[in-house]
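Need the complex rebuilt from these two chains, each delivered in its own frame; the hints are there to steer you.
Chain order of the listed sequences is E and Y. Every number in my numbering is 1 more than the matching position in the first sequence, counting from 1. Every number in my numbering is 4 more than the matching position in the second sequence, counting from 1.
Be aware that one or more of the hints could be misleading.
[Stated by the list, open to error] When the alpha-carbon atoms are kept at most 20 Å apart in a straight line, the in silico DMTMM-like pairs for lysine to aspartate or glutamate are as follows:
(1) K127(Y) with E246(E)
(2) K321(E) with E287(E)
(3) K459(E) with E111(Y)
(4) K262(E) with E296(Y)
(5) K323(Y) with D183(E)
(6) K225(E) with E296(Y)
(7) K47(Y) with E220(Y)
(8) K323(Y) with D173(E)
Hints in this document: simulated from the structure, not taken from any laboratory.
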Amino acid sequence: MKDTLATAKHFVERLPGLAKDFFHYSIIGYFFETKSFQDAFIYTKYWAFIWGNIFKLVIRLFFKKGPVAVVRFFMQYPWILRFLTATKLLRRLTKGRKGAYLESTALVIHAIAVLLVEKLEEVIYQPERLLINEDLVPPEIAMAMGLNVWLVEGMGILLPFLNSEACLGFIDEAENAGMNPDSCSFVKSAVGMVIKNQQPKGCAMVSSNMPCDAGMASYSYIEKQFDIPTYRVDVPYNFHNERAEKLFVEDLKGMIAFLEKHTPGRMDWEKLRDICEKRNYMMELELELWDMMRVSPAPLASEAIWLSHLFLFHWFPGNKFSIRLYERLVELAKKNLAAKIPAVENEKYRAVLWNPPFPQFPDIFNLVERAHGITLIMDSMSYNHHDLIDTSTPESMLGGLAKIIMDGPMVRHTRGPAENYLDDIFRCYKQFDLDMVWIANHVGCKGGQAMNGILREKCREMKIPLLVLDYDLLDPRIVSHEGMMKQVDDFMETVMKPRQPLPAL
Amino acid sequence: MKRFQELLESPQNDLVEQAVADGRIPIGYSCSFVPEAFLMADKLFPVRLHAPGIAGTEIADIYLSNFICTYARSLLEFALDDRFDQIQGWVFVPSCNHMQRLIDNLEYLKKPAFSHVLDVPRKVTGATIAWQAEELRTLAEKLSAHFGVDMSDDSLSKAIAEWNSFAEVIRSIGDLRKRPVPLITGTEFHKLIMASLVSPKNLILPNILDFRKEVEKRDGIGVFRARLMLAGSHLHNPEFIRVIESQGGLVVADHFCTGSIPGFMPVATNGDPIRTLAEHSFKKTLCPRMMEDFDRRLKAIIDTVKEYQVDGVVIEIIKFCDLWGVDSMPLVDALRKEGIPVLKLEREYSLGGEGQLRTRVQAFIESMGK
Numbered sequence: 002m003k004d005t006l007a008t009a010k011h012f013v014e015r016l017p018g019l020a021k022d023f024f025h026y027s028i029i030g031y032f033f034e035t036k037s038f039q040d041a042f043i044y045t046k047y048w049a050f051i052w053g054n055i056f057k058l059v060i061r062l063f064f065k066k067g068p069v070a071v072v073r074f075f076m077q078y079p080w081i082l083r084f085l086t087a088t089k090l091l092r093r094l095t096k097g098r099k100g101a102y103l104e105s106t107a108l109v110i111h112a113i114a115v116l117l118v119e120k121l122e123e124v125i126y127q128p129e130r131l132l133i134n135e136d137l138v139p140p141e142i143a144m145a146m147g148l149n150v151w152l153v154e155g156m157g158i159l160l161p162f163l164n165s166e167a168c169l170g171f172i173d174e175a176e177n178a179g180m181n182p183d184s185c186s187f188v189k190s191a192v193g194m195v196i197k198n199q200q201p202k203g204c205a206m207v208s209s210n211m212p213c214d215a216g217m218a219s220y221s222y223i224e225k226q227f228d229i230p231t232y233r234v235d236v237p238y239n240f241h242n243e244r245a246e247k248l249f250v251e252d253l254k255g256m257i258a259f260l261e262k263h264t265p266g267r268m269d270w271e272k273l274r275d276i277c278e279k280r281n282y283m284m285e286l287e288l289e290l291w292d293m294m295r296v297s298p299a300p301l302a303s304e305a306i307w308l309s310h311l312f313l314f315h316w317f318p319g320n321k322f323s324i325r326l327y328e329r330l331v332e333l334a335k336k337n338l339a340a341k342i343p344a345v346e347n348e349k350y351r352a353v354l355w356n357p358p359f360p361q362f363p364d365i366f367n368l369v370e371r372a373h374g375i376t377l378i379m380d381s382m383s384y385n386h387h388d389l390i391d392t393s394t395p396e397s398m399l400g401g402l403a404k405i406i407m408d409g410p411m412v413r414h415t416r417g418p419a420e421n422y423l424d425d426i427f428r429c430y431k432q433f434d435l436d437m438v439w440i441a442n443h444v445g446c447k448g449g450q451a452m453n454g455i456l457r458e459k460c461r462e463m464k465i466p467l468l469v470l471d472y473d474l475l476d477p478r479i480v481s482h483e484g485m486m487k488q489v490d491d492f493m494e495t496v497m498k499p500r501q502p503l504p505a506l
Numbered sequence: 005m006k007r008f009q010e011l012l013e014s015p016q017n018d019l020v021e022q023a024v025a026d027g028r029i030p031i032g033y034s035c036s037f038v039p040e041a042f043l044m045a046d047k048l049f050p051v052r053l054h055a056p057g058i059a060g061t062e063i064a065d066i067y068l069s070n071f072i073c074t075y076a077r078s079l080l081e082f083a084l085d086d087r088f089d090q091i092q093g094w095v096f097v098p099s100c101n102h103m104q105r106l107i108d109n110l111e112y113l114k115k116p117a118f119s120h121v122l123d124v125p126r127k128v129t130g131a132t133i134a135w136q137a138e139e140l141r142t143l144a145e146k147l148s149a150h151f152g153v154d155m156s157d158d159s160l161s162k163a164i165a166e167w168n169s170f171a172e173v174i175r176s177i178g179d180l181r182k183r184p185v186p187l188i189t190g191t192e193f194h195k196l197i198m199a200s201l202v203s204p205k206n207l208i209l210p211n212i213l214d215f216r217k218e219v220e221k222r223d224g225i226g227v228f229r230a231r232l233m234l235a236g237s238h239l240h241n242p243e244f245i246r247v248i249e250s251q252g253g254l255v256v257a258d259h260f261c262t263g264s265i266p267g268f269m270p271v272a273t274n275g276d277p278i279r280t281l282a283e284h285s286f287k288k289t290l291c292p293r294m295m296e297d298f299d300r301r302l303k304a305i306i307d308t309v310k311e312y313q314v315d316g317v318v319i320e321i322i323k324f325c326d327l328w329g330v331d332s333m334p335l336v337d338a339l340r341k342e343g344i345p346v347l348k349l350e351r352e353y354s355l356g357g358e359g360q361l362r363t364r365v366q367a368f369i370e371s372m373g374k
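Okay, chain Y solo, but in the shape it has when bound (with noise of 0.2 Å):
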């Protein structure tokens, strides 16, 4: 668990520095409709962009203003300080607004020598996934035009099968969660997921192996009060869920964007790859962006509480985040008519105001009598 920190502590851990030296190229990316395993042809390998440890986002500010979300502004922050400089390529989506104009200053200010945009539909229909392919098709080429990289079917049906198999071992892990008692904790996994995104896959796949057999040793995490799910926006930090594990609230499931569900489901290998991955990346996102997926998002929410017995849902949010903001209203709404204690929580992209946090989660885990 120690090497999982150790990686997440700098936006381009050593591995990414290894795979660099090995002459292997690292495209950044933001958002979750960027399929990984795109990104894992031939050469090429993705690193979702974080920003460990920033403290401030000044100089972003001044850009993006106050009113955006701190994980744009903290992007924006760090590649002005030039801590992407391993980074070769950025793809981006149009996500949300904030997104867009985080695309829109790095491009102004620090133009990176390889960006793309991903025009990702907010519907899903045959012509938007025809679109989708389309995208991903023009983004082929250019990543194969700029940097010699082999894009080619065969190419990309070897990365899904890496891809596939990375999952496998991911989602292995994760379902140890399922149990009445679990062998692992949230902390812990979310940590294991979010090394996974930014170290290239095949170099921290022996250590997620070898932490898997030490997991299965394990006879149970401990004592706890009740079993939590998260569900929100982009969530980086381990010690968001630390803290609320700190309180008795196991986090046994992980819904939103660096998390597992059901973001590591796996890739169709029959057909043409890049439909497939286009096809996936609507399926295996679940963000309100997606303007006509409410009641898929609410579904999959209530699956999994059932799935995982979940006994209350916390939703986070990140501040001036208006997708969620907004969605979250019927959503709460909706999950509370089903049964489902909610807890809705705002927050800062680097984790702040602890104590609050605590206080919100220990009467949280009271209001339903755990």
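Here chain E stands alone, though its shape is the one from the complex (with noise of 0.2 Å):
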């Protein structure tokens, strides 16, 4: 009775703070803030958009399984909530934004609610056409025999996004499960989600031996728990000669065959020669959208490159609303160029963010650019430089995917020599005139660790700022997001201060 009375006790005093929080976050918070009507049409527009998706999945889901399906669905997979607060996400994301940058933020977290309520419902709907996916083996071949692909680790890069301690109770289990704590919270949250049964499981399962030892580790234990057939793909360490390409299509080839032995997935040559098009396409837009990039001022920037790259080219290839998204930034790109707007009206400096983006804090490139003018220009996950894929041959774009899949960010970095890793940053950091590189030094990715020295080395001989951010991706418990935002403001208080004048003797 004690107890309870203190709860209570505690819940009103905290009444007043959680009132201010939910007003901030709300759109009325949003119209206190903006002085601008258009800015305020865009956001009220995206907003509506939003909710209008969740309203979608639920209702349809009613009126197609019954109220009991909906209750039983939201059982299995609670974390489906979360969602309800994609709208704060986007009031925090776009927070000081305007115009075709606000929009392009807007955008890209509005189509994340579009192709996440596509997804779930083909997990509803279509559950014996499910395929469970690693992360990094892309699913154009999945689509094209007409399977519906899942991200093991999808949700451990998304919903961090909506709540940064939304995957603590997974990498918990996980840990307690017997997994090393020190290995990758991305694994351990996706393993955490397995053993509690919060993941939809399909009729198959492909891995790979990517990006890293605990990932590709991690599947021996997820196949047990799922018992389902699983094929592994293996991309060789040294990958950039035509005898590995051989081996790699051989490997893909043993994938296909794999799935039309244990899903009802049959290979549909004309299908995949069509998503590949439809990918070469967004890749051509994507690469427009770099160039524009590349002046100073940029007309965009951050979640309009990294996360729309992160989740539409990994997940949704050649889907209809990933292209219309990318011809929607190309646009709104040209727009501000045209116009001569900068995304960042204070653009000070240009950054690069190496290793993958920072899940449980997408807020800091916000942050950064209100209070230090950095411009977050580009990312390694985006990143690619490869050939568009040649589809005029089944074996062609079996080749041009084995390419794309080995020459893939996390794939080409963590394998091959350290050329691979170090180049692409001192190429990246030429080709988009940038300031400073940026290292999210996941405190899991103990490949990525072991590449400082050097690269701290290389940027001091060409005089390149580098901040090395400490940080583990899915964990705020390891460094705090206060202490994130300090190694930013000690980077840029002691590296990047312009030198003053001494003084006058």
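Shown next, in the form of structure tokens:
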């Protein structure tokens, strides 16, 4: 009784804070803050679209499967409730942004909402066609076979955007089950979701040796838990040669044969051609966007570049909504460029982020824009430089896809000689006329950590300001948000601050 | 036994020095996927890279960070300290992220005169065995061109025959652990194995034969409480086993990279020697880097438990090793389901926390009712 009273008292005491918070992140809070009718219109439009998508999912489920199914669905996947805070994410990431830049950010969040609903509906209505995929195995082949792809690691990326503590329960679950606590939290989170039975279970699974030991090894466990047939693709260490490409194409053919044997999917080469052509088109649009990003100050920045690529190329390549998003991003960038409007009003420093971005603290880019004028121009996950897929024959398409997989950012950066990792950074630095390199120094990424020594020396030689920002990908208990911001502030103060002239004697 | 201990006190022991003085060429390697027999062709001889007595890895930490396994860090530290100055060539396998980055940092900080990365696939199929054979063929050509050694099929077949007869001797001693009262302790056997991995085989063989004669005269190794099996990653320091055995847990089976099961199984002698070695390297190594081999690893452990009448399995993992760290999760579950008691231990490359280790082993043996 005493405890209940204390809890109630604590809740009442917190009420003013919670109400203030709710108001601040609500659309009314936005209206109080914005000074532009046009920005208010853009914000409201996407706010309504996002809520519309959430309602669409629930209402369809209600009418198609009934109220019991709705309850059962939310009980099986309770993390879906996190998406009710999607508009809070919109508010957080668009803070201080205006015009086309505001729209680009809102557009990406909206795209995620639309495509995620599409994905969840596949899980609900077509479970027999659900293929469980590791995040670095591109989905084009499975899509061409009429299968729906679910990325085991997908929610590990998305949920922390909405709430930085969203994955802690999963991480703890994996550690309690015996997984080494020093392994990557991204992997732990995926495994934790599997243990808690909160991942959809497909008809088969495809994993790989990418990108790291922990990710690869975790699939032994996931396979046992799901008890479904599993195929693993194996990217060679030295992959920049025809021999490796040939071996890997054979591996992909093995994967197709496996999927035809164990799933209802059948290879449709015409469909694959269509997907590859659409993916090529997406890539052309992205390259057009990059060309504009080379201009200083940049017409767009941050989520329009990194979040769009991370989500759409990895999970929805060739999807009509993905294409529409890229077309619109290009239009918005062109609009700003023509009007000479910078995305970040006080763009002072142009930065690249190397290694995966900060899912549990995506606000950092918005904060540093406003605090220091640091503009995120590019990131390693987006920075691809491969050819378009040659769609003339099935063999050429598999060859093209093989190259995309082997040359994928976290793949080429984690194998082959050190140059695969280092040269890309310097090439990007030059290509986008950058002022600084940020390393997202995820504590669980051992391969990345072990490159920092060389990188530090190379950057010193080349006089490139380097910020190695310590953090954990999904776990804010390792380094707090304040701790991350402090690292940026210290870097700006000690490294980037213009030297003051010495006072005259 | 004292002789084996002496040979383990330096990364390049006096037998290595003697062989180098005789004009032979030591090739360093750090992963069991490098077939030892391959590096025994002509004047070559393999030396398993180890860092005995490493006190700290201050310089290596700067480059590799504190989150990389201490084996990789120790090797880099020793390399930067010129402790491998007799080693004339390095053959690496990108066996894990840590080894990959060791290669990268070594190439940057102290590029060896000869180094080669053997790109070993992570699954076994017809195509990957052919790939592995091609990898070995490329290495043979490079070794031949750089050192002027004979890497022909005849030379390799001769090396395989030599390695097989050596492995036969090791297995015959290892089999003495199968007896109800073994004639050799796990510590002694591991000293012998490690000494054989870091020395030229022909030069250490007489010592091993003498030791076998001595052991065969024994009645047994005395009183012990439980028969244990060690499984896991690289284990170089026999002191780790000594501590376990000091608590009454006799280590009768060694199922790790630098152990004898199944590392010393013979290489087939029919057919193309390179192809045979390629197949052999997949068969004789049970590492979680092989992503489709979980069931084979599990079965091998269970079979060994039965064959050596093991009471409990100790899984030892070097801190920060993701391969073993993650793989051990389903492995421990699966072994326990089979009714096999399991103790999972995290450790560093060099022996530390001896008291804690003793307590854990004591508790484990007691939990088995021994």
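* Any hints this thing doesn't respect? Which numbers, in order? -> 7
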